[in-house]
Amino acid sequence: MKRYHIFLLMALLILVVLPLFLDNYILGIFVMIFFWAYVGQSWNVLTGYTGHISLGHALYIGVGAYTSTYLAQAFGLSPWFGMIAGGVVAAGIAIFLGFLGFRFGLRGVYFVILTIAFAEITRLIVSHVEALGSFSGIFLDFEPSFWNFQFSGNLPYYYISLGMMLFSLAAVAIIERSKLGRYIVAIREDEEAAQALGVNTFKYNMLAIAISAFMTSIAGVFYANYIFYLHPNSMFGMSMSIELILRPIVGGLGTLFGPLIGSFLLTPLSEISRAYFAKGGLEGLHLVLYGILAILVVLFMPKGIIVYVRRFLDPLLRDKT
Amino acid sequence: MSILIAKDITKRFGGLLAVNRLSFELAEGEILGLIGPNGAGKTTVFNCLSGFLTPEEGSMRLGGNAIKGLQPYQICQMGMARTFQIVKPFPTISVFDNVMVGALAHGTSLQAAKAVSLDIIESVGLWKMRDQEAQGLPLPLRKRLEMARALATRPNVLLLDEVMAGLNPTEVDEMIDLIKQVNQDGVSVLLIEHVMRGVMALSQRVIVINYGERIAEGVPDEIVKNPLVIEAYLGKEFLRAQG
Amino acid sequence: MDATLTIQLIIQGILLGGIYGLIAMGLSLIFGVMGVINFAHGQMMVMAMYVSYWIFVLLGLDPYLSLIIVVAVIFVMGYVIQATVVNRIIDYPEAMQVLPLVSIGLILENLALLLWGPDHRSPQTILSLESIWIGPIMIDVSRLIAFVLAIFFTILIFLFLKKTNIGKCIRAASDNRMGAILVGIDVNRIYNASFGLGAATTAAAGVLLLPLMPISPHMGHDFTLTAFIVVILGGMGNLLGALVGGLILGVAELVSTLFLPATLKQVVSFSILIIIMLFRPQGILGGKK
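Taken in order, these protein sequences are the chains called A, B and C.
Just so we're on the same page, this note's numbering is the position in the first sequence counted from 1, plus 14.
Just so we're on the same page, this note's numbering is the position in the second sequence counted from 1, plus 5.
Just so we're on the same page, this note's numbering is the position in the third sequence counted from 1, plus 1128.
There's no promise every hint is true.
[Stated by the list, open to error] The list that follows gives simulated cross-link-like pairs (lysine-lysine, DSBU-like), each with its CA atoms no further than 30 angstroms apart:
#1 B:K119 - B:K12
#2 B:K230 - B:K12
#3 A:K16 - B:K119
#4 B:K133 - A:K16
#5 B:K119 - A:K193
#6 B:K73 - A:K317
#7 B:K93 - A:K217
#8 B:K73 - A:K193
[Said to hold, decoys possible] Reference excerpt, derived from the structure (chain B facing chain A, CB under 7 angstroms, subset only):
#9 P77
#10 Y78
#11 R87
#12 I91
#13 G107
What the hints contain is simulated information worked out from the structure, not anything from laboratory work.
Fair warning: this is a prediction, and the values are worked out from it, not measured in the lab.
Beta carbons are placed, not taken as given, at the ideal position from N, Cα and C, and that holds for glycine.
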């Protein structure tokens, strides 16, 4: 498998060096590619690997964003630390959700609806909290500094989001090979059979959702300090929840590189079509195309694009023996 | 020494009395057959023993420890494993990955679990397809995978639920040899089976249940001649016709 | 606590609930027959509202009069969606069914945005502002008519399913797909018709709602979620349950405004949803699966 590792290393080097050749706008697209890949990967842990579909993952993005922003504005706490606080809150809410869902045996669609309900309830409550900006939202002051997690230009954001994306790859790769990873996949495949083999399914379900929530909330912190505006509808809303699941599903649910591949395909498409169509007054067209693409992928490539990518790369990456 | 003791197990589903004050003991190192006509309640007994159902009354002891009310994973961790009548492989992962889930029980390290898995995979004859997706396997191999997974948890007691159903005679023989080997390695076996050849070849003792109650118990040779047993399977008319 | 106000709210809740019930019936029907959760349900309703609105603006036809046309259009839309997309995913595991249906919702929502812009639209029909008084209670005529028609359509659909041949085929296919195939029912066409019927039902509800609220492209989500809540309340696949659930939810939502700001009433709905899912997942009247 050495060729495979060399390939990965080369890809990494290219990504590290790439900014030297790109203008700020294109850098921004890459920031989003890595960002959505990271978010998708975090969601992948719960849905792809453990098999519990969440359509309310925006909840954790919002929690991360609002927690860190509130702590920064009220106490001057750096988002680098606010991230931890946000993660803990997110994990806590996830554990509560998980407790309700897993203890009471909510599976399939019921679990999906539970996740939606939690996100919507949070959205509505935050919309009524003055300290969190209520209906108008929160504008972040632009005071670039490392402490503030704010930067001029896209270059620093590029490396941070690249780092986050790499971190998520490493985390999931480690999980995949570990006992945790094997157990949550077993739960996905057949929860009863897993029980019969000694797997404490409740415990591992809770671990999966907590890890997923924690990871996702960090993305929220990044997002808040990248777009400088928080609104409950955009942070906790269904649009966000739907947006973040598209890339891992198109790329390959439950696979390590699925979210990344999906993001490399969909994010440029989205950014370019959004810019192109919005200018022509065709706002929303890019989402129609998104929807059509997603349907096509599920119908004709249900395991995701990664299957074709693997088929293409395999002969090149296999060591000659 | 009895490794598994069931006393007066009673299980109701609403108005239906599925298991009625059933008692039996599995001696250490024994292969005990559990037979009876369809719908007699055999799988329900397994589900009670393995924690998937909780009996309304009665007690169950595994190695001296009470197991009623425990979760299935806890009972597995205490040394009793089971297979399912309709096999439940982990479909999209490989045979090896399937068995690994079992092997990781009891806090076994990844290294050790890998060794145990490969060992068991070889001993059940699945070596060549160890990297194949489980859902691609034909039924007889799926049954072996089901056994392998349960064995990977290194149980003291193994509950086998109709592992020979759907197998042709050659495959039945292979399964018989496999179970004999497992028993010789020290595992006590409680065997639900319809394939009589398997029951006769393996069981040291047999319990017969019908309508959730024990109607006979003894060595295989006696059981097949027991009029109550014949009546349960073939009906009163047959018995009368026999004379 | 003001008794008159409370009664007023309860009555308004019932009137609204009748329409909720009609929306939810479509969802329940689709689930009952095909086991598919229509995540695009609210968006289909909104599409119907837009079609109705534009017929009103362009042709001057009152929504109640153009109802048949709108319902027919949406029926065809539902039929086509089932035939092209949903039929292919019927046997997929739930996980893989969610995305295509969510995507259909996404497409419908943004088509509406594309075609008709993001602004709110409010058709002013003849009845929009009329009210009648029963003692101290004020009732909007349009709400009352909407409720009566909703109940009427609900009964119509019950009769359709019970008495007509197609209705019986639908019920057969829903009870036992293999059995239905074996007796010669073209199950695929029945499925198409069922999805169309489910969509048409929610379309009718949308038209009834048109005089009562401004429409905008993104309101579909909320109605999809409302339909979910009602269906789970009443029992998945249980059509009477949809009506009962709708009435209960309608009343709960409006009575809650006594204690909470109106913008938080969905918190009440979602809380009811969670409680039902935890403690009585089969719904009040019991449902399928």
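Tested hints:
{"no.": "1", "hint": "B:K119 - B:K12", "verdict": "violated, 38 angstroms"}
{"no.": "2", "hint": "B:K230 - B:K12", "verdict": "holds, 26 angstroms"}
{"no.": "3", "hint": "A:K16 - B:K119", "verdict": "holds, 22 angstroms"}
{"no.": "4", "hint": "B:K133 - A:K16", "verdict": "holds, 25 angstroms"}
{"no.": "5", "hint": "B:K119 - A:K193", "verdict": "holds, 11 angstroms"}
{"no.": "6", "hint": "B:K73 - A:K317", "verdict": "violated, 42 angstroms"}
{"no.": "7", "hint": "B:K93 - A:K217", "verdict": "holds, 21 angstroms"}
{"no.": "8", "hint": "B:K73 - A:K193", "verdict": "holds, 28 angstroms"}
{"no.": "9", "hint": "P77", "verdict": "holds, 4 angstroms"}
{"no.": "10", "hint": "Y78", "verdict": "holds, 5 angstroms"}
{"no.": "11", "hint": "R87", "verdict": "holds, 6 angstroms"}
{"no.": "12", "hint": "I91", "verdict": "violated, 11 angstroms"}
{"no.": "13", "hint": "G107", "verdict": "holds, 5 angstroms"}
When each numbered hint is compared with the structure, violations occur for hints 1, 6 and 12.
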